[in-house]
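Participant: Sequence:
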Amino acid sequence: MLFQVVKLVSETFNYPRIDRQKSRVKRAITEHFPNVGRHFNRISLPPKEGSFQMFVDGFKDADYWLRRFEVEPLPAKVQRDFQLKFERLVVLDYIIRNTDRGNDNWLIKYDQPNIQSLNTANGAELEDATFGLDKRRATLAPERRNGVGGWSVPQWVRTR
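Heads up: the sequence shown begins at 1 in UniProt numbering, then just goes up one per residue.
Treat the hints with care, as some may be off.
[To be verified] Cβ-Cβ distance ranges computed for the label pairs, FRET-style:
| hint | residue 1 | residue 2 | range |
| --- | --- | --- | --- |
| 1 | Glu-70 | Val-90 | 14 to 24 angstroms |
| 2 | Pro-113 | Arg-27 | 51 to 61 angstroms |
| 3 | Arg-27 | Asp-63 | 37 to 47 angstroms |
[To be verified] List time: in silico EDC-like cross-link candidates among lysine to aspartate or glutamate, alpha-carbon distance up to 20 angstroms:
| hint | residue 1 | residue 2 |
| --- | --- | --- |
| 4 | Lys-60 | Asp-19 |
| 5 | Lys-48 | Asp-19 |
| 6 | Lys-109 | Glu-49 |
| 7 | Lys-109 | Asp-63 |
| 8 | Lys-109 | Glu-87 |
| 9 | Lys-26 | Asp-57 |
| 10 | Lys-60 | Asp-100 |
| 11 | Lys-109 | Glu-70 |
| 12 | Lys-77 | Glu-87 |
| 13 | Lys-85 | Asp-100 |
| 14 | Lys-109 | Asp-57 |
| 15 | Lys-85 | Glu-49 |
| 16 | Lys-60 | Glu-49 |
| 17 | Lys-60 | Glu-11 |
| 18 | Lys-60 | Asp-81 |
| 19 | Lys-48 | Asp-81 |
| 20 | Lys-77 | Asp-111 |
| 21 | Lys-85 | Asp-111 |
| 22 | Lys-60 | Glu-72 |
| 23 | Lys-48 | Glu-11 |
| 24 | Lys-7 | Glu-49 |
| 25 | Lys-109 | Asp-61 |
| 26 | Lys-85 | Glu-70 |
| 27 | Lys-26 | Glu-11 |
| 28 | Lys-109 | Asp-81 |
| 29 | Lys-48 | Asp-61 |
| 30 | Lys-7 | Glu-31 |
| 31 | Lys-60 | Asp-104 |
| 32 | Lys-48 | Asp-63 |
It should be emphasised that the hints constitute simulated quantities derived from the structure, not laboratory data.
Glycine included, each C-beta is placed from N, C-alpha and C at the ideal position.
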């Protein structure tokens with residue numbers, strides 16, 4: 001997945017009450033007194049910084065693959081490689097204080113090996129599919145965090 005930091009504005013974003021009120025007042029002034037309103041720098045809500053994500057071909061959400069891995073277990077080497085990459089993602093989430101990780105917001109790409117090359121397969125990859133680098137979450141004090149999301153759900157995490 002590719003992402004870049006962008007600034008966006010939307011009524012559906014979470015804004016403080018003061019920002020919403022300023023926007024409404026500026027809009028009303030501009031409608032009733034256009035000569036005064038044209039001196040405002042910005043009439044709309046302030047832009048918010050976040051990540052703009054594009055999903056890469058071949059990746060599916062983790063929920064799909066984890067259910068499949070429970071029915072069709074991975075080869076030992078691939079499972080170990082996958083687990084190491086997964087643990088790196090958990091550590092990254094802890095460092096950036098991303099507390100909303102679930103199986104619906106990270107992606108897995110797994111190229112199933114041929115029957116002949118089952119022992120040499122190493123085709124698992126992980127991708128972060130969240131707004132994990134959200135500035136607001138990164139500034140939360142550690143005591144305000146609830147932990148690292150719902151990581152203990154998959155069976156292979158509990159059996160280590």
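Participant: Each hint needs a verdict: does it hold in this structure or not?
Facilitator: Going down the list of hints, with the structure as the test:
| no. | hint | result |
| --- | --- | --- |
| 1 | Glu-70 with Val-90: 14 to 24 angstroms | holds, 19 angstroms |
| 2 | Pro-113 with Arg-27: 51 to 61 angstroms | holds, 59 angstroms |
| 3 | Arg-27 with Asp-63: 37 to 47 angstroms | holds, 42 angstroms |
| 4 | Lys-60 with Asp-19 | violated, 38 angstroms |
| 5 | Lys-48 with Asp-19 | holds, 12 angstroms |
| 6 | Lys-109 with Glu-49 | violated, 28 angstroms |
| 7 | Lys-109 with Asp-63 | holds, 12 angstroms |
| 8 | Lys-109 with Glu-87 | holds, 16 angstroms |
| 9 | Lys-26 with Asp-57 | violated, 44 angstroms |
| 10 | Lys-60 with Asp-100 | holds, 19 angstroms |
| 11 | Lys-109 with Glu-70 | holds, 16 angstroms |
| 12 | Lys-77 with Glu-87 | holds, 15 angstroms |
| 13 | Lys-85 with Asp-100 | holds, 19 angstroms |
| 14 | Lys-109 with Asp-57 | holds, 9 angstroms |
| 15 | Lys-85 with Glu-49 | violated, 28 angstroms |
| 16 | Lys-60 with Glu-49 | violated, 26 angstroms |
| 17 | Lys-60 with Glu-11 | violated, 30 angstroms |
| 18 | Lys-60 with Asp-81 | holds, 18 angstroms |
| 19 | Lys-48 with Asp-81 | violated, 37 angstroms |
| 20 | Lys-77 with Asp-111 | holds, 14 angstroms |
| 21 | Lys-85 with Asp-111 | holds, 16 angstroms |
| 22 | Lys-60 with Glu-72 | holds, 16 angstroms |
| 23 | Lys-48 with Glu-11 | holds, 11 angstroms |
| 24 | Lys-7 with Glu-49 | holds, 4 angstroms |
| 25 | Lys-109 with Asp-61 | holds, 9 angstroms |
| 26 | Lys-85 with Glu-70 | holds, 18 angstroms |
| 27 | Lys-26 with Glu-11 | holds, 15 angstroms |
| 28 | Lys-109 with Asp-81 | holds, 13 angstroms |
| 29 | Lys-48 with Asp-61 | violated, 26 angstroms |
| 30 | Lys-7 with Glu-31 | violated, 26 angstroms |
| 31 | Lys-60 with Asp-104 | holds, 9 angstroms |
| 32 | Lys-48 with Asp-63 | violated, 29 angstroms |
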